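All chains should be modelled from the sequences, with the hints used to inform the complete structure.
Chains A and B, in that order, give the protein sequences. Take the first sequence: its position 295, counted from the start at 1, is 295 in the UniProt record's numbering, and no numbers get skipped. Take the second sequence: its position 86, counted from the start at 1, is 86 in the UniProt record's numbering, and no numbers get skipped.
The reader is advised that the hints may include incorrect statements.
Here's a subset of chain B near chain A, in silico, CB distances under 7 angstroms, partners left out [as the list claims (entries may be wrong)]: (1) 170; (2) 174; (3) 176; (4) 209; (5) 211; (6) 215; (7) 224; (8) 228.
With a straight-line cut-off of 27 angstroms between C-alpha atoms, the simulated DSS-like cross-links for lysine-lysine are [what the hints assert, rightly or not]: (9) A:298 x A:313; (10) A:245 x A:398; (11) A:398 x B:83; (12) B:117 x A:414; (13) A:180 x A:313; (14) A:398 x A:414.
Okay, the calculated bits of chain A under chain B, using three or more residues with CB under 8 angstroms as the criterion [to be verified]: (15) 339-353; (16) 414-421; (17) 428-440.
Simulated from the structure, these hints should not be mistaken for laboratory data. All figures in this text were calculated on a predicted structure; none of them were measured in a lab. C-beta atoms are modelled at their ideal positions from N, C-alpha and C, and glycine is treated no differently.
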Amino acid sequence: MLHREFVCLVGLLLLCEGQGQGSAASEPCDDFTDLDLTHCLLGTSLYVRLLLYTRSNPRCGRELSHQHPSSEPLFNLSRPTAFVIHGYRPTGAAPVWIDLLVRLLAEQEDLNVIVVDWNRGAANLNYFIAVANTGHAAHNLTAFIVNMQEEGASLDAVHLIGVSLGAHLAGFVGANLKGKIGRITGLDPAGPMFTSATEAERLDPSDAMFVDVLHTDMDSFGLNGAHGHIDYYANGGADQPGCPKTIFSGKSYFVCDHQRSVFLFLCSLNRTCSLTGYPCASYSDFLDGRCLQCEAFKPAPCPVLGYDVSRWKDTLLGLGQTKAFFSTTATLPYRKASYRVDMVTWNQYLRWGAVYIRLYNGRNFTETRIDHKLFRFEQYTTTRLLAQFDEDVHPVQKVSMRIAIGNVMGPRYKIRLLRIRLIPLDRPERPALCRYDIIMEENMDVMFRPLPCDAHL
Amino acid sequence: MSMELQSLGTNRSNGDGADHVSASEQVQNGSTPAEQNPLLSPYPENNGDTIIQVSEDVSTERRKRKKKVVREVERLTTALNAKVFWKCSVWMTILFLLFFIAAVIFISIVLCSVFRKDPDDTFDRSSYQIPRDFNGSFRLTNQVSAEELLTSSNQSQVLASQLQKKLYGLYSDSPALGRYFSNAEIYDIRNGSTEAVFGLSFLLPRADQERLRSFTLSRQLVYNVLRQALYDQDTNPPGALYIEPGSLQMN
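Right, here's the structure in full:
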């Protein structure tokens with residue numbers, strides 16, 4: 001525990017190296033409060049600013065009056081409003097993602113995007129003070145939304161997007177308004193100080209009509225568990241690919257996993273990645289290929305992370321709470337090319353094995369190793385695997401496969417397959433690929449040309 | 001005894017550890033007072049004495065034990081060197097036995113993996129008696145026109161036997177279907193040698209018939225084994241026997 005606290009402290013100090021961002025516009029813009037390390041060290045007292053961005057001023061914020069929101073001519077109360085709420089700011093600098101998030105949100109639909117700038121209050125070396133400030137900031141924001149409502153805005157059209165500590169802040173606002181807010185999106189809700197919190201003390205599904213949460217760092221700065229109508233767990237929700245494993249990597253060791261939630265959300269807003277979440281009991285079940293069908297959502301596909309949830313919202317509300325899993329690559333566009341692999345053997349005796357698959361498209365290839373456990377090959381029974389490739393190799397011209405049984409000594413077994421079928425997931429336009437009647441000798445690569453599966457059967 | 005006294009005296013004068021105090025008291029109750037010894041006698045020397053004194057008891061015990069061990073070893077060596085027969089002593093025999101056991105294990109593993117009969121490769125074809133037939137058709141794209149064919153029915157017969165050979169080879173080489181395959185026939189070549197009608201016959205064992213019918217000898221597998229062979233055909237350039245994969249029908 002002491003060690004962990006030390007690590008956190010060092011992390012905070014490293015975070016303080018962050019850089020601020022300034023905006024260069026001719027007319028005076030109200031920008032995000034830029035503080036520095038001095039403020040962090042001395043501590044800041046809570047001061048909430050609300051900065052409005054719309055399609056007419058996507059890069060130049062306008063500070064809104066708390067009492068009379070509609071006094072700002074650009075603020076159109078008949079439009080839906082999205083609030084962007086940042087989290088703990090140990091450096092005092094503006095979050096690196098804030099400008100992009102605002103711009104991408106404004107691109108989704110004609111919105112009022114309001115940045116809730118509580119940097120004075122969140123910037124403090126002492127995390128506990130920032131946590132204490134969330135409650136006060138939430139009261140402040142609640143009062144503002146009530147004013148908005150009095151001036152004609154609808155609570156249904158309010159969407160709070162909270163990052164880390166901001167996710168809990170959004171939850172408090174939602175609870176203050178009796179859960180009548182349209183939607184809360186929590187991006188890796190903060191974990192420290194909230195691990196044993198009751199539902200009233202953290203973000204929970206009753207805080208809004210629809211709550212969606214993305215988890216990326218549950219094992220350190222993020223909060224473990226399920227807190228929304230749908231909880232997405234990227235790569236299981238704890239460690240993200242491409243994030244450093246040791247403290248020697250400096251600042252990114254601390255922030256990489258946690259910040260990935262924002263980058264995944266940005267990427268989904270940007271349409272550069274479409275991340276489908278597969279509802280499942282656990283990440284390991286998902287990796288074992290047990291949750292690749294989304295019967296509950298038919299005719300819609302499985303839920304996709306992002307801004308537009310209209311296709312799944314009603315089903316998800318009916319289901320109560322849903323956990324959805326997906327895997328990503330280390331860098332943009334994060335998406336993995338996933339296939340469901342079904343194999344049927346006619347071997348009389350049961351065999352167990354790990355599977356390695358390579359896809360070739362003539363120029364390059366991509367490989368996956370499905371060896372986190374041994375899979376069961378039983379006569380006339382379908383063995384189902386989830387094969388996730390880092391690259392989307394398309395069209396697939398050749399497939400190379402190997403089954404490792406793990407015998408050090410003894411005979412070389414053969415796995416005789418009646419059929420192997422590769423079904424591209426989240427790409428309904430692509431045909432399923434099949435190959436029939438092949439023999440796989442243990443630890444030997446078998447290369448074959450797949451053909452489109454038989455459509456009649 | 002005097003050694004002991006000397007050392008303890010020094011200990012005291014140096015104000016050394018507390019555990020020595022009780023020991024020195026015992027000594028004082030004895031006879032010679034500690035003050036008799038020079039107070040400024042070099043510390044390490046005396047201290048060293050103490051250690052020697054203490055270790056003396058231990059070393060005698062050790063020496064005894066060592067002697068015992070040596071005796072044991074000697075006894076063992078003579079036992080091991082005893083001749084079993086001719087020039088072979090006991091240790092040679094033991095070593096040989098160990099080596100022999102290892103060799104037996106190793107050889108049996110190797111033999112097992114080399115001579116292992118794969119249960120999936122052993123079958124008795126004579127027990128396969130239940131027939132299962134499939135019929136189908138496919139289109140040839142690179143054949144000569146209809147008029148030409150009418151002139152020589154011989155040509156169509158040649159074509160039929162070529163196709164039959166192709167089908168026969170394909171199914172008898174199939175790992176899953178080969179053992180059940182009995183015959184392939186081209187019944188007819190229609191539409192001026194562009195469409196071929198064929199029949200395939202298989203023989204099934206009586207045992208496990210139902211599962212074989214629905215998996216291995218299912219229409220799906222029999223059909224797709226041919227279909228995938230058609231997809232594998234050389235298309236550049238397509239040979240005279242090129243069959244259009246999409247044209248394959250079977251039931």
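Results of checking the hints against the structure:
1. 170: Residue 170 (chain B) check fails; min Cβ-Cβ to chain A is 10 angstroms, beyond 7 angstroms.
2. 174: Because about 5 angstroms separates residue 174 (chain B) from the closest Cβ in chain A, which is inside the 7 angstroms limit, the hint holds.
3. 176: 5 angstroms, holds
4. 209: 13 angstroms, violated
5. 211: Constraint on residue 211 (chain B) satisfied, holds at 6 angstroms.
6. 215: Check passed: Cβ of residue 215 (chain B) comes within 5 angstroms of chain A, closer than 7 angstroms.
7. 224: 4 angstroms, holds
8. 228: 5 angstroms, holds
9. A:298 x A:313: The given pair, whose Cα atoms are some 13 angstroms apart, holds under the 27 angstroms limit.
10. A:245 x A:398: With a Cα-Cα distance of about 35 angstroms, the restraint between residue 245 (chain A) and residue 398 (chain A) is violated, given a limit of 27 angstroms.
11. A:398 x B:83: 69 angstroms, violated
12. B:117 x A:414: 12 angstroms, holds
13. A:180 x A:313: 15 angstroms, holds
14. A:398 x A:414: With a Cα-Cα distance of about 21 angstroms, the restraint between residue 398 (chain A) and residue 414 (chain A) holds, given a limit of 27 angstroms.
15. 339-353: holds (count 5)
16. 414-421: holds (count 4)
17. 428-440: Result for this restraint: holds, n = 6.
The structure fails hints 1, 4, 10, 11 (numbered hints given earlier, in ascending order).
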